[in-house]
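For reference, the chains in residue letters:
There are 2 protein chains.
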Amino acid sequence: MTVIEEVLKSNESYAKGFTLGDLPMPPGRKLAIVACMDARLTVEEMLGLKTGDAHIIRNAGGIVTADALRSLIISHHLLGTQEFIIINHTDCGMLTFKDEELRAKLQRQTGTATVVPSHFHAFSDVAENVRQQMQKIKSHPWIPEHIPVRGFVYDVKTGRLTEVSA
Amino acid sequence: MTVIEEVLKSNESYAKGFTLGDLPMPPGRKLAIVACMDARLTVEEMLGLKTGDAHIIRNAGGIVTADALRSLIISHHLLGTQEFIIINHTDCGMLTFKDEELRAKLQRQTGTATVVPSHFHAFSDVAENVRQQMQKIKSHPWIPEHIPVRGFVYDVKTGRLTEVSA
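Going down the list, the sequences are from chains A and B.
At position 68 of the first sequence (counting the first as 1) the number is 68 in the numbering used here, and the numbers step up by one without a gap.
At position 8 of the second sequence (counting the first as 1) the number is 8 in the numbering used here, and the numbers step up by one without a gap.
Once the Cα atoms are required to be at most 25 angstroms apart in a straight line, the calculated DSS-like pairs of lysine-lysine come out as: (1) B:Lys157 x A:Lys50; (2) A:Lys30 x B:Lys9; (3) A:Lys30 x A:Lys50; (4) A:Lys50 x B:Lys9; (5) A:Lys50 x A:Lys157; (6) A:Lys9 x B:Lys50; (7) B:Lys50 x A:Lys50.
Residues of chain A clear of chain B, computed beta-carbon distances all greater than 10 angstroms: (8) Ser124; (9) Asp125; (10) Gln132.
Covered by chain B, per the in silico footprint, the following chain A stretches (three or more residues, Cβ under 8 angstroms): (11) 2-8; (12) 83-92; (13) 111-123.
Worth flagging that the hints you see were computed from the coordinates, not collected in a lab.
Glycine included, C-beta positions come from ideal geometry on N, C-alpha and C.
Start from the sequences, fold in the hints, and give me the full structure.
In structure tokens:
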């Protein structure tokens, strides 16, 4: 059995016990989060969020890419979120390589160059990376200035968030 | 108290009971998921996943953007995932608008035009949208052909996943 088959079995059980069919589309707690895709981050649990509470945007690194900005703009303007959080974390895979090395390796392995993705967004300092992502949100003309944007580093050894000063 | 202050309080409790500090960086079940950011999708719960099991990539719509491709490439080539899932869902906010209408509205409201994001990726047919996203993964030269890519629509009324044929 593939892992996909296993998780589909789990979904059958989940659906049998499902009681949340009446939740509205807009997030109940008006919160949007940008976090890393890392398997060790269970975002809802680490923040005490329930199904229906918050938009959760995730990608490699917890980077405020054009795509994350797209999602945040939709989150606020169409679905009413009013506070934003960015979460990066210790021991991130993005600390382990350099963009150009990875690009060269993939070109060599596959024999094909490509322009998408244009960047991998590897970084060398987690707190500084969080600061740069906060800045990208705060400087976007379609994100209102009154929205709080706070950034954190999650420690995968302790489960604890530490705030990064802006 | 802001919602951010509330979730930070919740994180203090989470960290006090935290016992997962020894999980390795690569996802234990070698699975990567691209899903919508919608607040009604608690991806781990709907699939029976535990902390450490899978990479979870999320954005508005569950779209395979350049950023999602970036994340999937890192997920497979650096961290060893071997199966990919795409999850869109019923009652998605992306079914409720058209890209050009939203862009025009934001330009009017803010008095500023911007080229980032270049697209909002609104769509009108969820199953067809899932098919298009699967195709974007399968046709990327840096995603090996042997990786299974399966797509699903999650029903927010029932908690159930339905597979979309390729």
